[in-house]
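Colleague: Going line by line, the protein sequences match chains A and B.
Going by our numbering, the letters in the first sequence line up with residues 3 to 364, in that order.
Going by our numbering, the letters in the second sequence line up with residues 3 to 364, in that order.
Calculated directly from the structure, the hints in this document are not laboratory data.
Backbone N, C-alpha and C fix where the C-beta goes; we use that ideal spot for every residue, glycine too.
There's no promise every hint is true.
[Stated by the list, open to error] Ranges between beta-carbon positions, derived for each pair:
no., chain 1, residue 1, chain 2, residue 2, range
1, B, P86, A, R359, 25 to 35 angstroms
2, A, Q330, B, R4, 13 to 23 angstroms
3, A, D36, B, D36, 56 to 66 angstroms
4, A, E228, B, Q314, 18 to 28 angstroms
5, B, L135, A, N195, 49 to 59 angstroms
6, A, D36, B, P86, 28 to 38 angstroms
7, B, K358, A, T222, 37 to 47 angstroms
8, B, A161, A, Q314, 58 to 68 angstroms
9, A, K95, B, E228, 55 to 65 angstroms
10, B, D346, A, K95, 33 to 43 angstroms
11, B, Q314, A, N334, 38 to 48 angstroms
12, B, K35, A, Q314, 36 to 46 angstroms
13, A, K332, B, R4, 40 to 50 angstroms
14, A, Q314, B, Q53, 52 to 62 angstroms
There are 2 protein chains.
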Amino acid sequence: MRIGILGGGQLARMLTLAGYPMGIHTLCIDPAKDVCATDVTKVVHANYGDQTQLKAFADQVDVITFETENIPLETAEFVSQLKPFYPSISALKICQDRLLEKNLFKELNIPTPQFAAINSLAELEQAVAQIKLPAVLKTRRFGYDGKGQAVLKQVSDLASAWEMLGGQALILEQFMRFDLELSLIAVREKNGNVQFYPLVENQHQHGILRLSMAPFADKTLQQLAEHYVQTILTKLNYVGTFVIELFQIGQQLFANEMAPRVHNSGHWTIEGASTSQFANHLRAISGLPLGSTAVQEYNAMFNIIGEEPDMQKILNIPAAHYHTYEKQAKPNRKLGHITITASDKIIYQQGLQQLKRLLDLN
Amino acid sequence: MRIGILGGGQLARMLTLAGYPMGIHTLCIDPAKDVCATDVTKVVHANYGDQTQLKAFADQVDVITFETENIPLETAEFVSQLKPFYPSISALKICQDRLLEKNLFKELNIPTPQFAAINSLAELEQAVAQIKLPAVLKTRRFGYDGKGQAVLKQVSDLASAWEMLGGQALILEQFMRFDLELSLIAVREKNGNVQFYPLVENQHQHGILRLSMAPFADKTLQQLAEHYVQTILTKLNYVGTFVIELFQIGQQLFANEMAPRVHNSGHWTIEGASTSQFANHLRAISGLPLGSTAVQEYNAMFNIIGEEPDMQKILNIPAAHYHTYEKQAKPNRKLGHITITASDKIIYQQGLQQLKRLLDLN
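This is chain A alone, in the form it adopts within the complex (with noise of 0.2 angstroms):
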């Protein structure tokens, strides 16, 4: 079996290290040099619009797979005539587009902040009178890691955004006073079964996923972000690892956003579940049955942004993971992330501890 993929990223080579197990072989197709899955699995450079590149590629391969919704849904249309595609193109054409994504969610009776599509300074000005400041405005498409958005705190924010992020499809959100953001990890199979990892708390910092908590365990809230995960897989007819991004108020979840990929707030699942986000998508896409998302009981990843720490020390921490993406450093980039992952609480929270010194995290 052989799974190809758009995109060569780190997630293309986790995936590629999960399949060699069950003798599943991936090829990557990536307009970028030098992408990270290059050192585990063959990476084609080619560009997402090269239709003769794209057909080489879909002719080498037995089904095809995204690891971002940042390619050209034509990409995406074109090789999906010639082979099987999962996620659907319809997941990723709503998964590129937050307005979609929103009044999908909201369509299914799925809570989430106020928005409003916004294409003028005087639609902007008109939403945030009824959606009241703060609130932010974000494009619509191709936002990752905090970028793409500006927050608007007064009225005299709003010229400035406009200057910044006007010209493009935007979306206007509410801005959300929650307690926790939190994170659901599903995957599907073709004949429906849905197999969910326990929540996630997620931290960020400057807008990038920074460290990862597993599981939140919180039963009522399990059980409601499930209910919601659950009635968009169905409707999508979803095929393979998903995710979404809750804000967490009390009892209440409000749908943040979505996507049709394995996600970074599931990397501890490599050590800390039975069968990771990243086997469990190429099972599913590959019509193998899921693997068990049983957990272990305290798990923790911690995202290596900008530059690599000194992993001899890092590993000096019992419980401790160090997955480098092999990537050169540059500010504000993932460059790997690093797991504890423990069944013994002391052992876990000294091992945080320890991580937060080495990385002069507080």
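The hints should help you fit chain B onto chain A, whose structure is shown.
Modeller: Only chain B this time, still in chain A's reference frame:
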């Protein structure tokens, strides 16, 4: 960091996969064509006597190790002069020869079945008179999976066994009626720090390991086995993963054999331990600190021998993980393994039963 591995079979394959997350790459060398590490790393196809190729191989790596003790000692000696070589040449030399192994056990006061070196039929007759029947005649070198062995039950078996095995260095060993076969896997850092995995219970079929189960929870035996292994590792100033196979009779342990490498009875550590035997071997020989050897409550590993079962059916067992080595099927050949890992006893036992049914095992 790049590790050179003498041998390109499944152990090299699994070492390679364990290395990528840490940015540790491998390069293998193997005289056989189409070995199964080829799928996941670069394998140099060369004769072990080809010093030009060995030199070119050594030039490309930082550290050299091996995946099998059945390599020419001269090859190991040659490359060990070019790059750091772990575990040591002396450990390799001893583990290549059952007589040297047994002498080491004796020297270190580790109980082992009675034995005698055999170089002629007369010596065999003499040794049988002393050790008594039943006994096992084995080649001192290159034996594995029950190959190069003959069980002697009655005096009339001597001539035929000599006929079959004579002409090479042999050893006669007392045939022990043991309760169970156990193994202990350990890993030692350069600074002397040692981590032990829990004892594993092993079941063989036709001389080939079929099923391993861990932990074999017996504190007294665990301590005893750790004491024996610690003695050996200290004596050999060992670096890397090590295994000892033991016969258990009540509260006694008898050393059967040892191996200076990752071991088939430790494959369950990929899913079942915080750090696998493969990752820890790489950490040890790369000078990185060892990872935790804490394990899941229930772990079993079945070897896939001769032909591969339907992966689809196997993965229907929730706690099952499938590892194919992508090797050509051949009678008695190890083609992969299946792990059942769970923290829940019922899930584990049900998984084990389902798997035994699927594999036609009793």
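Colleague: Would you list, in rising numerical order, the hints stated earlier that this structure does not obey?
Modeller: Numbers 3, 13, 14 - these are the hints that the structure violates, sorted from lowest upward.
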